[in-house]
Amino acid sequence: MADAKGCLSLQRITKVFPNGSGQTIPVLQDINLEIRAGGFISFLGPSGCGKSTLLRLMAGLETATGGVIYVDGEAVQGPHYSRGLVFQDPNLFPWLTVEGNLVFGPRARGNELEKGILEYFLELTGLTEFRRAFPHQLSGGMAQRAALARALINRPVVLLLDEPLGALDAFTRMQMQDELYRIWRAQQITVVLVTHDIDEAIYLSERVVVFTPRPARIKSILDIPLSYPRSRENPDFFLLRNEILKLLNLSRPEEEGEFVYAI
Amino acid sequence: MEATSLKTKTPASRKSRGWDKFFPRCRRLLPLILALVVLIGVWNLLTTGLRLLPLPYFPGPREILYELWRDRGLLGLSTVYSLRLLAIGYLVGTLGGLAAGILMGWFKWGEYWLQPLLRFIGPVPAPAWIPLAMTLFPNSFLASIFLLGLSSWFPVTILTWSGIAGVNKSYLEVARTLGAGDRVLLLRVAIPAALPSIFVGLFMGLGLSFATLVVAEMLGVKAGLGWYIQWAQGWAEYDKVYGALIIMALLFSTLLSVIFRCRDRILAWQRGLIKW
Numbered sequence: 000m001a002d003a004k005g006c007l008s009l010q011r012i013t014k015v016f017p018n019g020s021g022q023t024i025p026v027l028q029d030i031n032l033e034i035r036a037g038g039f040i041s042f043l044g045p046s047g048c049g050k051s052t053l054l055r056l057m058a059g060l061e062t063a064t065g066g067v068i069y070v071d072g073e074a075v076q077g078p079h080y081s082r083g084l085v086f087q088d089p090n091l092f093p094w095l096t097v098e099g100n101l102v103f104g105p106r107a108r109g110n111e112l113e114k115g116i117l118e119y120f121l122e123l124t125g126l127t128e129f130r131r132a133f134p135h136q137l138s139g140g141m142a143q144r145a146a147l148a149r150a151l152i153n154r155p156v157v158l159l160l161d162e163p164l165g166a167l168d169a170f171t172r173m174q175m176q177d178e179l180y181r182i183w184r185a186q187q188i189t190v191v192l193v194t195h196d197i198d199e200a201i202y203l204s205e206r207v208v209v210f211t212p213r214p215a216r217i218k219s220i221l222d223i224p225l226s227y228p229r230s231r232e233n234p235d236f237f238l239l240r241n242e243i244l245k246l247l248n249l250s251r252p253e254e255e256g257e258f259v260y261a262i
Numbered sequence: 000m001e002a003t004s005l006k007t008k009t010p011a012s013r014k015s016r017g018w019d020k021f022f023p024r025c026r027r028l029l030p031l032i033l034a035l036v037v038l039i040g041v042w043n044l045l046t047t048g049l050r051l052l053p054l055p056y057f058p059g060p061r062e063i064l065y066e067l068w069r070d071r072g073l074l075g076l077s078t079v080y081s082l083r084l085l086a087i088g089y090l091v092g093t094l095g096g097l098a099a100g101i102l103m104g105w106f107k108w109g110e111y112w113l114q115p116l117l118r119f120i121g122p123v124p125a126p127a128w129i130p131l132a133m134t135l136f137p138n139s140f141l142a143s144i145f146l147l148g149l150s151s152w153f154p155v156t157i158l159t160w161s162g163i164a165g166v167n168k169s170y171l172e173v174a175r176t177l178g179a180g181d182r183v184l185l186l187r188v189a190i191p192a193a194l195p196s197i198f199v200g201l202f203m204g205l206g207l208s209f210a211t212l213v214v215a216e217m218l219g220v221k222a223g224l225g226w227y228i229q230w231a232q233g234w235a236e237y238d239k240v241y242g243a244l245i246i247m248a249l250l251f252s253t254l255l256s257v258i259f260r261c262r263d264r265i266l267a268w269q270r271g272l273i274k275w
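Here the protein sequences come in this chain order: A and B. Going by numbering that gives the first Met the number 0, the first residue of the first sequence is number 0, and it counts up by one from there. Going by numbering that gives the first Met the number 0, the first residue of the second sequence is number 0, and it counts up by one from there.
By construction, these hints were calculated from the structure, which means they are not laboratory data. It should be emphasised that the depicted structure is a prediction, and the values quoted were computed from it without experimental measurement. Possibly wrong hints are sitting among the right ones.
[Said to hold, decoys possible] Covered by chain A, per the in silico footprint, the following chain B stretches (three or more residues, Cβ under 8 angstroms):
(1) 160–171
(2) 174–184
(3) 191–202
[Unchecked claim] The following label-pair restraints were derived from C-beta to C-beta distances:
(4) Arg231/A / Ala267/B: 41 to 47 angstroms
(5) Asp222/A / Arg264/B: 54 to 60 angstroms
(6) Phe170/A / Phe259/B: 37 to 43 angstroms
Ideal Cβ placement from N, Cα and C applies to all residues, glycine included.
One chain only, chain A, in its complex shape:
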């Protein structure tokens, strides 16, 4: 995959927010990270640690206080459709049908849709029958698939996912994890997944980045050496899980000195 696109390079990223009374709160501190084109990487960390902020920086919705993010050698300066973003809330435009939501991006840029593209992505996300439905008629899982399709139809090289399955029930969640895997394989794009769910991170990603509590720093980067497609019953799964729990200081509080009530 020498010519594959979607290689990300985060160099010395810092971000501070004003706290409203003249002081600033550091949210991200000196984040350095290389993500290979076509890779699947997850960000894990305590709630509110700033991993979502990092994702928003990568999307271009916020600007870093320091440092640069490069995508295929080009510095990120504002949002671009080559970096698709999906939030925890699907945020479908309620006044448009599923189909209308999907074609929003290409139409907004004044592009003609290639023939069959819409149908392809409806099919890929299993929404063909619901193309004329309005968002309020969709279940949570379907709405999230429509949000995915809406991002994918722009042929992004990077897909940024901000806890996209966080609001779904456990059952739908596991189904959607399989769909995410399928989509990643089919589209060969770089996926960055912010999640709270350790199992989800292990099940899907090649590498898991564990962050410290705020200000977020990279605590550790774990390679997940399991081959795809993965099974949730794999015993190695539990070893990895324990390792991550330990990194997050979430194993038994008696054994660990500092217990973080963050999740």
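Given the coordinates of chain A, assemble chain B onto it according to the supplied hints.
What follows is chain B alone, placed relative to chain A:
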């Protein structure tokens, strides 16, 4: 697997629906119709029958119907004049309100410059401007259009403004990551998202326009239903007053339902969410 409430209509079911719907509707309305008949009967009894209510203030239903028919020429003309004034005034006010509301909701400078104007002028009831309008404009027709425009301008502006300013930020962020520029963000995201609020403004604007229309016609304009009522009252022809009131009630409620219909059609995506 995740079923939703998608309606499927077959042509056959649509054909028979007319009758299926008509009968239950008649049955539902039957008590209301009966009550109306009884009410008119009692009224007739109190006026024409027993002469318990003082004349000329309380004519019987037959007299009113008779006047409605006899004076149909002037009543028709008055209705047309009222409608013309209302249509032009409301249109001017609504367009102005949409423009001002969009400028205020979308641009910082729009809010900065227009907000004082809105705060200062908006709450003053339009009829209070009548003396000024009559001197500022060459004729009472233009003056009335100004007044009607002013009265619908205020609510339309306020609700368009708050609708646009209150658009869910996530919609705008999503649109930006999909490649939308400023124009698309305003026209294809902010305005559609603000439509429910804008429609509330359109309703309120229409209601206020009715009030201003009648006041303006009673005070200055020499035509229209408001003028007709004033004129008939001057001659103590209360049967005419009631006749004009009935026409007004029918006219205004029809206009309101027209906007309701428009909203239901345009905001079909909201079905199930609208509570009013």
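Outcome of the hint check:
1. 160–171: holds (count 3)
2. 174–184: It holds: at least three residues are needed, and the region 174–184 of chain B offers 8 whose Cβ sits within less than 8 angstroms of chain A.
3. 191–202: holds (count 3)
4. Arg231/A / Ala267/B: 41 to 47 angstroms: holds, 42 angstroms
5. Asp222/A / Arg264/B: 54 to 60 angstroms: holds, 56 angstroms
6. Phe170/A / Phe259/B: 37 to 43 angstroms: holds, 42 angstroms
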